[in-house]
Amino acid sequence: MSLFHRLKHALVILVALVAASVASIAQTADEAFTRLAADSYSDTSRAIEILVSSAHPNAALIVEALNDGRLLAGPGGVAVKTAAGGFVDARTGQALPAAPVDMKPVRLNNAVRRAVQAALGGLGLLNPDPAKRTAAAEAVFKSRDAGLLPIVEAAIGKETNPRALAALRQAQAAILIAKPDTQPLDRFAAIEVLRERADQDALATLRALPGDATPALKDAQAKAIATIEGRLKLWAAAQNLWYGLSLGSVLLLAAIGLAITFGVMGVINMAHGEMVMLGAYTTFVVQELIRNHAPWLFDWSLAIALPAAFVVAGAVGIAIERGVIRFLYGRPLETLLATWGISLILQQAVRTAFGPTNREVGAPSFMSGAFELGGLAITYNRLWIIVFAALVFAALLAILKLTPMGLQMRAVTQNRRMASAMGIRTGRIDALTFGLGSGVAGLAGVALSQIDNVSPNLGQSYIIDSFMVVVFGGVGNLWGTVVGAMTLGVANKLLEPYAGAVLGKIALLVCIILFIQKRPRGLFALKGRAVEA
Amino acid sequence: MNAPVPGALTSSLLYLDGVSVSFDGFKAIRGLSLTIEPGEMRAIIGPNGAGKTTMMDIITGKTKPDVGTVMFGGTVDLTKLDEAAIANLGIGRKFQKPTVFDSHTIEDNILLALKSKRSVGKTLFWKTESPQQKRIDDILGIIRLADRRDRLAGSLSHGQKQWLEIGMLLAQDPKLLLVDEPAAGMTDGETAQTAVLLKEIARDHSVIVVEHDMGFIRELGVKVTVLHEGSVLAEGPLDHVSANERVVEVYLGR
Amino acid sequence: MNSNRREFLGTALAGAAFVGSSYLPAAAQQDTIKVGILHSLSGTMAISETTLKDVMLMLIEEQNKKGGLLGKKLEAVVVDPASNWPLFAEKARELITKDKVAATFGCWTSVSRKSVLPVFKELNNILFYPVQYEGEESERNVFYTGAAPNQQAIPAVDYLAKEEKVERWVLAGTDYVYPRTTNKILEAYLKSKGVKPEDIMINYTPFGHSDWQTIVSDIKKFGSAGKKTAVVSTINGDANVPFYKELGNQGIKATDIPVVAFSVGEEELAGIDTKPLVGHLAAWNYFQSIKTPENEAFIKQWQAFTKNPKRVTNDPMEAHVVGFAMWVKAVQKAGTVDPDKVIDALPGIEAPNLTGGISKMLPNHHITKPVFIGEIKDDGQFDVVWKTSGLVAGDAWSKELDGSKDLVGDWVEKKCGNFNVKTGKCGAA
Amino acid sequence: MITRFLLQNMDKRGGIFLAILLGSAVLVPLSNLLLPASSPFHVPTSTLSLWGKYLCYALLAVSLDLVWGYCGILSLGHGAFFALGGYAMGMYLMRQIGSRGVYGNPILPDFMVFLNWQELPWYWWGFSSFPFAMLMVLAVPGLLAFVFGWFAFRSRVTGVYLSIITQALTYALLLAFFRNDMGFGGNNGLTDFKDILGFNIQAQATRAALFSLTCIMLAAGFLIARGIVVSKLGKVVTAIRDAESRTRFLGYRVDRFKLFVFTVSACMAGVAGALYVPQVGIINPSEFAPANSIETVIWVAVGGRGTLVGAALGAVVVNWAKTLFTSGFMAPYWLFALGGLFVVVTLFLPKGILGTAEAIWARRRKPDSTPAAEPAPAE
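Chains as they are written, first to last, in the working numbering: chain A, 139 to 671; chain B, 9 to 262; chain C, 427 to 855; chain D, 7 to 385.
The reader is advised that the hints may include incorrect statements.
[Claimed, not checked] Example chain D residues on the side facing chain B (calculated, C-beta under 8 angstroms, incomplete): (1) 234; (2) 244; (3) 327.
Worth flagging that the hints you see were computed from the coordinates, not collected in a lab.
Remember, predicted model here, so these are calculated numbers, not experimental data.
Glycine included, each C-beta is placed from N, C-alpha and C at the ideal position.
Could you build the full structure based on these sequences and the hints that come with them?
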């Protein structure tokens, strides 16, 4: 903290524009550049401090370069590699004719990184971009540095952007709460501001109220804390629900292909997980190709991987159906064994082809990061996965209900002989149905590559869960699969805070076992005398 | 042969009253009432979907009715019992599609059906005594399979399987037999023989026969109940029933 | 073998040991000296262990180029225990009795080591175990070339407390013995440094845990209490990738809440986009990025051997390099591959490690190692930000745990692995 | 009565199998202990313990064949019963270590000392007594099977659904036993055993005795299973497999028969696990892995479902192949071989080795006779 502290004090000086002699700037700058070249974290931190406090004309340039790893230093001096690829002398700002020879990038550790961010943040209070000002105010809020109060208050006076203004007021409130000599009236106002902010950080700030505050203040503080905690509890429940839905959508993706092969065709495909794995590896291969040949397409890599994964997994599925499963219709348990064997072969084949280690699948920019929605933190990748799961489900439903192929599939499922008599090529439909189920598993693989390992073991970790979802939801009913997946996902996440991840999962498994006793054919089972032959 | 038990609600052997059941909104049986007297043989006819098999399912405990009374022997409420208990009360059933144990020998099929204690312990330490062996031999004689007793049931022809299943019913020695389309898929000769066999059985058992084959029913010469859309349409001797306009309408379409 | 009935019917253990040891000189008379490699090549552990098999093949090939050992060529015997623990025991027995290996290099998980341990004891052979583990073990037939907890966990915590001013700790691990023990040790250590119990959060997850949303958000919550917070991760294997992905997505940056991991190395990072993870830490005894001539030569050799210029190296590989060098020296010193003589020769043997130091085999069968703290870089490598001034001796028994603080392993003087300094006896308290 | 029960209708195949087992029970240990290693008839200790392991698997396979081959219940969780039996034995062996553990605690096993357990959990009480432990070897798997089966069979969960929930059962147990808080040693399981009934567990004589005992228990398990199968109860059970509802309409309480067979089978699997642990030297939660249970199914399928002897044969053959395939140049290809085996057996050898061999034999002898009893697909 002390570094931060000093830095802020330095900023006061900077902002107040206390005149500094050109000579002293030059002298301190000398020290800073020597330190930058010293290859020591503490020297680097100190150098930043000096540069910023002495208002070196190139301070922003240097600090930003350091942050991006573009700052080079060595016995020959300090240079900045510009974004365009050229080189600039850090001291003079003049372009260098060629890449400097004896310089290495200045290294960062977390301490240096924090110093850099603080420097950027402090500089940011005056940034013309309101978003940067907001971020800077947020940094001040977290530091609660009393030395910055005058600047913050000055900034409030000039601020026109409402978001930045709110952030600045909160920063002011945070400083006022913690500062020992604040007037009680100001503190009351500060507590009110924090109560309105009402998040985890506000809570932490409120607790920083010094112990010698008046009883009335303490009372207000306690009330504000209670209000915030109550609100947070509600948000926490909502957040949990969100996690549950997100887990549910992952389960749905993993299980929905199975709902086709198992639910519609009655084929126990233990190699289903491997179809998911193949989808994930297809994503990897597509991304490798894009990285090597067309890097500008990277953000589209998943979109390109989707049809590829569908085709790869679907084709493997069709091959399995034609090669093995079609000889085993009417013998579900034998199918189970054969497909288990296939799953072992596929796993080891992938291990041989791609190596046993995890493969890196990158996230396109639109799937990285998170945003806040009220008190909810929503990560983009989870959001996209939920959307994707819904789309896949809708598409599948449409295929089954609306297309001629779906009609034929249902016909074959319900009465093979009759369908055959009506001219449907049942063998072809079997293969296509299985291919569809496998292809959908491949699509799931693309999505799962974003949140899980891309390794030969990927599929195995989902197979039991997938079966649970399908069986729980009721075989032969796609809606049942959705309800099953969401129920299991939410139940799992609601149990987790109380029972822990492991016990929660065990409890859920036991519940499913008991549930199947009650409804042997799942939540949405077909009834009727035809059920048992 | 079965005197009504004292305190019984009815003297009939089987008594169905106001029975209804529906599957996913489809009413398979609606307000069905039916009475079978001890020693009676009854034929049940009706077009496809009339609820014949569902009725059998209800009597044998496979399906539970939504509403209605099903009493056996005047005192026992069949809706409260499961299949095994009902079978042990003395209700035997022969399925439409002959269902025998394909991987057992013909003799073992009869042995399994033979009236005896059905508990786990009793079967584990079972030893076939000579009276039981004699009964098995008798039945094998009746169903004309004595010379093939060591063959696997799976190797029998369709008609022989029907007989074997009737033989198994005999071995069970039930008070009431439910026979679902015994003549289906048989040659004319076999059909005639089956009718003779059933009449023989009916001498000391109550029998319900479900059948499509009018000739077969005529041969049996018993009271007929016509089912339609889950309830009784007509009842009486075959000639009487076949003269009924509604019955003709149902069978021949409008 | 001129044995008679009585000998065999005598004390049976002696008999078994006799059978075991009497085979080995016979093996030595053959043309080659066999070295067993006991790493899973299929199943879930293949992800980590296959590499170690390749390293061993490379080292043996290298030694043969130098003329072999005791004038004979070395011969690698590779078996695949298929990530199946009982199969590990079976394969160990096969290596020793059927293939008559002089020593075995192998195992990764603790349970696989525990599974083969009785076999190595019974048949009196040598196992080199290259992975960091929970300690609390010192066996005559096993040489532990990976880190004990005091060579990895405690220096890392010290670093965070000192350099990053961490006051609040999340100890997150997979629920098995290594994290449990390490966290027990760390908890005791932190408390002894004045950390309050409410500033320590301990969390365990199952193997292969993939849904980290709740736990990461809990960590975030725990970290927003105003004090600097860090996560000490003993999360194992496959669970790391989804964990780090979730960290990145929920925006937990190393500057806010740094995560220091003990099971995440270059190989694991090869499966992750490390850009969001820059600054998170790992503590190891070796990093590929360490610039020493030995290490650069090794990396070059390895990439040439695997014909893959991008192939990474990691800590357990270095452990095998050091262990193999020590074994070679001990065999040369003993003049034989007879396990008893080699076991006696090993303590005190020194071999250069790849980071510029000289590691030494200690009487407790652990080795001295330097400790490095590295920060993850955006290219999947580590940038060493701190290291111990010298080499740290591996403690078989943790000083932080009540049960083991009085125990030392000493196979040279005391001839036992659990000598109790209080009672002055081996084992029994 | 018991002898009559066990030996009724003994056929040639069963007789040969029994003779081999009992012969091995006597001759192999003798050869191991008495013959010098140079003798061509000497059985080395490593072979002894390897085959001891195979025979434990064979007993597990026989128990699975009893429920799957004859009753049509495809249990994908039989490994759970095996592991529970193993844990019961392991707990006994742990308690036998006494104060010889590394920490020298006379009561607590090492892993408890190490994680600061203060006292022995209640479910460990009594395991220092061998008879009690042996009772538990039977009772724990038996009870679990009984409770599980009571629920499942009563509510008529059959076929694939049953398979999937048995898999869920063993998976739940896997997760539970992984937890260190359960007090079963977590992932490391129970290990470092010293002696059994006072005999050193690593001694050659003990190993020989354990091998002998395994042969005898396999023979006993085979006899019991065979006794059940050829009795009238066995016929009922087979009838259930082929036509469950028909059996019900004959008045048999299908759930009770299934429950009986399932429980007996679980106890048998428990015994197999109990014999396995002292010979392998470790028991850990990975034995609960669903993959292990599925592998057991393939042993039975390879040997010949519904033949008992075939199941034992399948277990030995597959595991022998595993030993072979996981060494030398074939090492990385074991999973291909295993996976291929699953596919080939289901496609081309639905009756397994023994069933196919028998069919060929029967055809050659009596070209016109009906094929042997063919296990119909279980639905």
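So, going through the hints one by one against the coordinates:
1. Hint on residue 234 of chain D holds. Least Cβ distance to chain B is approximately 7 angstroms, under the 8 angstroms limit.
2. Hint status for residue 244 of chain D: holds, given a least beta-carbon distance of 6 angstroms to chain B, under 8 angstroms.
3. Hint on residue 327 of chain D is violated. Least Cβ distance to chain B is approximately 30 angstroms, over the 8 angstroms limit.
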